[in-house]
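Work out the full structure, taking the sequences as your base and the hints as a guide.
The chain contents come next:
There are 2 protein chains.
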Amino acid sequence: MSTSTRQPRVVVVGAGFGGLRAIQALKNAPVQIIVVDRRNHHTFQPLLYQVATASLSPADIAKPIRSILRGQDNVRAVLMTEALSVDPTEQILHTDAGPIPYDYLVLATGARHSYFGRDDWEPYAPGLKTLEDALEIRRRVLSAFEEAERTEDDTERDRLLTFVVIGGGPTGVELAGALGEISRYTLAREFDRIDPTWARIFLFEAAPRILPSFPESLARKATTYLNQVGVQVRTDTFVTEVDDAGVVAGDRRFEAATVLWAAGVAASGIGKTMDVELDRAGRILVQPDLSIATYPNIFVVGDLAVLDGPDGKPYPGVAQVAMQQGRLAGANIRRRTAGQPAQAFHYQDKGNLATIGRNRAIADIRGFRLAGFGAWLVWLWIHIFFLIGFQNRLRVAFQWAWSYFRFDRGARLITSTGYDRTKEIV
Amino acid sequence: MSTSTRQPRVVVVGAGFGGLRAIQALKNAPVQIIVVDRRNHHTFQPLLYQVATASLSPADIAKPIRSILRGQDNVRAVLMTEALSVDPTEQILHTDAGPIPYDYLVLATGARHSYFGRDDWEPYAPGLKTLEDALEIRRRVLSAFEEAERTEDDTERDRLLTFVVIGGGPTGVELAGALGEISRYTLAREFDRIDPTWARIFLFEAAPRILPSFPESLARKATTYLNQVGVQVRTDTFVTEVDDAGVVAGDRRFEAATVLWAAGVAASGIGKTMDVELDRAGRILVQPDLSIATYPNIFVVGDLAVLDGPDGKPYPGVAQVAMQQGRLAGANIRRRTAGQPAQAFHYQDKGNLATIGRNRAIADIRGFRLAGFGAWLVWLWIHIFFLIGFQNRLRVAFQWAWSYFRFDRGARLITSTGYDRTKEIV
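Residue numbers (my numbering), protein chains in the order written: chain A, 1 to 426; chain B, 427 to 852.
Because the hints were derived from the structure by calculation, they are not lab data. Any given hint might turn out to be false.
[Unchecked claim] Quick list of the computed label-pair ranges, beta carbon to beta carbon: (1) A:A293 <-> B:D621: 40 to 46 Å; (2) B:P742 <-> A:P99: 54 to 60 Å; (3) B:V804 <-> A:H94: 51 to 57 Å; (4) A:D73 <-> B:N785: 28 to 34 Å; (5) A:H94 <-> B:R678: 38 to 44 Å; (6) B:P638 <-> A:R406: 42 to 48 Å; (7) B:P634 <-> A:L394: 45 to 51 Å.
From the three backbone atoms N, C-alpha and C, an ideal C-beta is built for every residue, glycine too.
Structure follows, in structure tokens:
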């Protein structure tokens, strides 16, 4: 039995993959947990591109945070508020709802998009990190086909049917593949004045090849699959300008009504409010046990943290790393409260997956490489498994089965959002 | 075989209940149909209140118009554009995408909210006619509980936990009942600093009783059910002021963060652009065959039309009337093109239903009255039956079953919309 009169208070900022796992790792621990997130829901980010391309609805991949944590008694409050800064000396987290003192702090606020210094590109090229992003992209994509259907101007129609995705990592590849699938399958028979297969989709990547985190053989397969759904992949291509009518890429201008950004991320800004060591992207340097060297009661996990792996390279900003780090941070806090030493982070790379279009994927699982339909089945299974909430799993499984056999997409709605760009879409 | 060289062109404005039924009644008719709607989707309006109260997702109750009409060959184009005006002499519909000439015109643009001359109330008291309305209401309702959870100000907390619904017709009753259900069941265990059952919900109705279209005995039952979920019903109560902090009703001020409007509708504005007879709410007077007396090739159906029934009272603006009128308008156009006389509208009142909270409803079906759980089962069955699209039926049936047995709601997400009211919700 603990002899102290007050249980330690653990404040967790961010209820994404890292934050949630940290909270869950503290289940039944003798602590009081306060959760802070600017949104009321946890989003399963790997499937955001499916909301963006109208396959799934927001509620299929998101769940209210307080609902997820309902059964955990030591979660004392879930506060929907924005974290503003940390005072590590006074041990206070400052938020929009006031100051929150902590004994232990877990920072898991993730990443946001980086436009490489060109923030003026942001309104023209939305990224895909949140549900709002996904709904805005969906609106733009579906609206482009609708406007193309009704316009009389041939040049404008071409521009409306041109889509650009910037960034050849998994997000960009999945977005581009889904756009290809929409134009070649889903909408194929539904328009009268246009043929959706006229859509031209470009994927621009500055590096010599796409998917740098995958072996080259799998990246080549992915390129083939992208071509099969009408995506033109252009590597060694830098985008130097983005405006409201298109982009300049590789010194050529492309008139495109829809430009999507999947090219750069930076850490969320909270690290900058603290007197701690950051890397160039704003990530906080952590020790092997995920705490900050100068403030060992602050743990950082996920995209906000930077830690070198055994190969000397920093761990990538992927869901798996965030989940495993979150779990360790929670476990380490539990150990500390029991007077035990914390443990170092050892990453178990369970593999890498990316899906392209309707039923193709690439999978690199501990050296075992798979491409095509089989990889896609693996992808399906894993994503359903990791979705939070049994109801969501059933719903998504059902939705996917339906969409697959009907060549349809279940969420093809244009509803207005705060980014309203044209007056017709209200 | 027709000897004319060109098939008559039928332009249908609005793909709601009335418009869609008109189009479907023309299946295989020797006409060319152009469909115009400002949105890309058809919404099942009777279930909008469930999107507004986070039970269902938008995609559960809406379907892209071109998807619904996919199998109908004589639908030549679906144009997502706003209808601006009609020139009945030149037989041209003017839209945002240019002029569209017609041989026959079906106007089915429905109704919008009327604030009895106080349009300045609109930002404070959203109505519930479209998916965007529903998402905005959802955002406000869920945010109110979240803000109440994090505020330190007792007075503000009371205001945040006070909800006002203005208008005691079916929409107001269903919204109020759903708010009661949310506070007493769905969110009951999920907050730590507040108890959602502290929520006070007021339903204000200017007439001596709620639900004027139902028999008094059923309206009394509905009031009982509302009370059981914590709704205070105040009849003979006029709302005289609405602002950003609350309302004045019956000469008393109520501080409320969430005010919802279900009290008045007026016809959409297109009638005013034409030289035709309108009633005070902007509805277009039609003949028994649903055409305009002075322009017999223009048909008007649904909430935009006004036609007296056999009892001398105009048909109500309900879904059934719109559907039956739409079907007749389509059939009458078919008859005209075949040189046959049009038929008069005969309304078949299949009954009246309203649901209150979790598992109670009232039903008035051709004089057979039912209240309680049995009525609710009838309500369930009928709404699933009338949902468009087998997939949506399955989805909604599943969602309802899940929510019922788990006391949960499937779409409790706060995602931002164009009405952003507070800066924390981005």
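- Query: Is 38 to 44 Å a correct range for the gap between the Cβ atoms of H94 of chain A and R678 of chain B?
  - Reply: 40 Å, holds
- For P638 of chain B and R406 of chain A, compare the CB-CB distance with the range 42 to 48 Å and indicate the outcome. Since the Cβ atoms of P638 of chain B and R406 of chain A sit about 43 Å apart, the hinted range of 42 to 48 Å holds.
- Message: A range of 54 to 60 Å was offered for this pair. Does it hold for the Cβ distance of P742 of chain B and P99 of chain A?
- Response: 55 Å, holds
- Message: Between the beta carbons of P634 of chain B and L394 of chain A, is the distance compatible with 45 to 51 Å?
- Response: Hint holds: Cβ distance 47 Å, inside 45 to 51 Å.
- Confirm or reject the claim that D73 of chain A and N785 of chain B have a C-beta distance inside 28 to 34 Å. Holds: the Cβ-Cβ distance is about 30 Å, inside 28 to 34 Å.
- In this structure, is the beta-carbon distance linking A293 of chain A and D621 of chain B contained in 40 to 46 Å? 43 Å, holds
- Message: Against the range 51 to 57 Å, how does the distance between the Cβ atoms of V804 of chain B and H94 of chain A compare: consistent or not?
- Response: Holds: the Cβ-Cβ distance is about 54 Å, inside 51 to 57 Å.
Hint compliance for this structure: no hint is broken.
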